[in-house]
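Here is how the chains run, residue by residue.
Protein chains: 2
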Amino acid sequence: MFREVGFEKTTMRAIAAEAGVSVGNAYYYFASKDELVQELYRQVQDDHAALAAQAIAEQTAAGKTDLASRLKATLHAGLDVMAPYHRFGADFIATAIRPASAVNPFSADSLQARAESLSIFRTAVEGSKPQVPKKLRADLPELLWLGYMGITLFWVYDASEGQRRTRRLVDGAAPLIARGLQLARVPGVGKIIDEVLDLSRSVRK
Amino acid sequence: MFREVGFEKTTMRAIAAEAGVSVGNAYYYFASKDELVQELYRQVQDDHAALAAQAIAEQTAAGKTDLASRLKATLHAGLDVMAPYHRFGADFIATAIRPASAVNPFSADSLQARAESLSIFRTAVEGSKPQVPKKLRADLPELLWLGYMGITLFWVYDASEGQRRTRRLVDGAAPLIARGLQLARVPGVGKIIDEVLDLSRSVRK
Chain A
11 MFREVGFEKT TMRAIAAEAG VSVGNAYYYF ASKDELVQEL YRQVQDDHAA LAAQAIAEQT
71 AAGKTDLASR LKATLHAGLD VMAPYHRFGA DFIATAIRPA SAVNPFSADS LQARAESLSI
131 FRTAVEGSKP QVPKKLRADL PELLWLGYMG ITLFWVYDAS EGQRRTRRLV DGAAPLIARG
191 LQLARVPGVG KIIDEVLDLS RSVRK
Chain B
11 MFREVGFEKT TMRAIAAEAG VSVGNAYYYF ASKDELVQEL YRQVQDDHAA LAAQAIAEQT
71 AAGKTDLASR LKATLHAGLD VMAPYHRFGA DFIATAIRPA SAVNPFSADS LQARAESLSI
131 FRTAVEGSKP QVPKKLRADL PELLWLGYMG ITLFWVYDAS EGQRRTRRLV DGAAPLIARG
191 LQLARVPGVG KIIDEVLDLS RSVRK
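Taken in sequence, the protein lines are chains A and B.
All residue numbers for the first sequence refer to this note's numbering, where the first residue is 11 and numbers rise by one.
All residue numbers for the second sequence refer to this note's numbering, where the first residue is 11 and numbers rise by one.
Same shape as in the complex, but just chain A:
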């Protein structure tokens, strides 16, 4: 219903009618529309994890084990899973961006969905050959996940047909990220990366 009639028109009453249950019954399972959105968010993560694992397996079977290929497969899988919800994306983000919202990706209520999404990016990083420079390996999944939040925002704003601008962004960014990370081995660059990681750890407290 979110996909078909939009966020505003999908009331708890309309959902109950569609599901053939009483409104009271619907509220027994979901205290609010926010909780329903949360459930949808979790499902999208599940689907993303499954599709990304499959896409990475295909890459591996084709002999592509580098980070760029794995990352590209992972990011496109995310876009594939979100594609049917593009119309609903702006509403979802306007809801999710409030710090107090249960569906805010940084909130306590989103812990499970966030952990799952992080593990998708951990899989992409950990299995890659050549390996990611050691000092980046622990922090990278979370940084990639943050980048993926940025890509999602770009996708919401992307009015091009089939969101092809976002697809191009993924195709271009994945190899650049992988090559950029290899620069961590250049002394001057490595030092700055260390300080960026220190800063990103320190401002979370």
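It is worth saying that the hints were derived from the structure and are not from the lab.
Being a predicted model, the structure only gives us computed values, none of them experimental.
Wrong hints could be hidden among the right ones.
Identical copies look the same in the list; a pair holds intra-copy or inter-copy alike.
Below, simulated BS3-like cross-link-like pairs (lysine-lysine); rule was C-alpha separation at most 30 Å, straight line [stated by the list, open to error]:
1. Lys74 to Lys139
2. Lys43 to Lys19
3. Lys201 to Lys19
Given chain A, put chain B in place with the hints provided.
Here is chain B on its own, set in the frame of chain A:
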């Protein structure tokens, strides 16, 4: 009123009462609450431009003309100007993030405010000595402005007293950005930066 009673409770009716005009009269000047928010957004940009210019002049008088000092002064000036509105930040962002909103920073309606904000960052970049590597100079103001949008989002989520985590982020990030840009002169890094700029230009179309 946005600051004092919050976004939801600040209705057009309440604003008209506070201003001592009729509701009809208030609507004559502002067609909606969104237009009022837009006006506030423009005012915040004006104040930011004035305060940043003053802070940069002080840095220059103290002999600090490097990009890190100018950027730090500019970013802290932005936080100073936004500080009284922190409570209202989440509401503003939830409104502004909708692609169709007049106050969306990327929208046509925000053209003036965006141009002004961009010129604040252009001033920070253009007067700096040593100069920014030439190939970055044209694109940098917009990239810094995008980064500032990210800092603003971080600030909205920052529940620490006086948003001191955001202050620390600015203190740490400004010198790292300036040093990172100097790396553009390292051959391997320069090539990747060229490709990042190409990609960022190509995905906008």
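Taking the hints in turn, this is what the structure says about them:
Within a single copy, Lys74 and Lys139 get their C-alpha atoms as close as 9 Å, which meets the 30 Å cut-off; across copies the closest is 45 Å, which misses it. Taking the shortest Cα distances, Lys43 and Lys19 sit within 30 Å of each other both inside one copy (11 Å) and across copies (22 Å). In this assembly of identical chains, the alpha carbons of Lys201 and Lys19 never lie at most 30 Å apart, being 52 Å within a copy and 49 Å across copies at closest.
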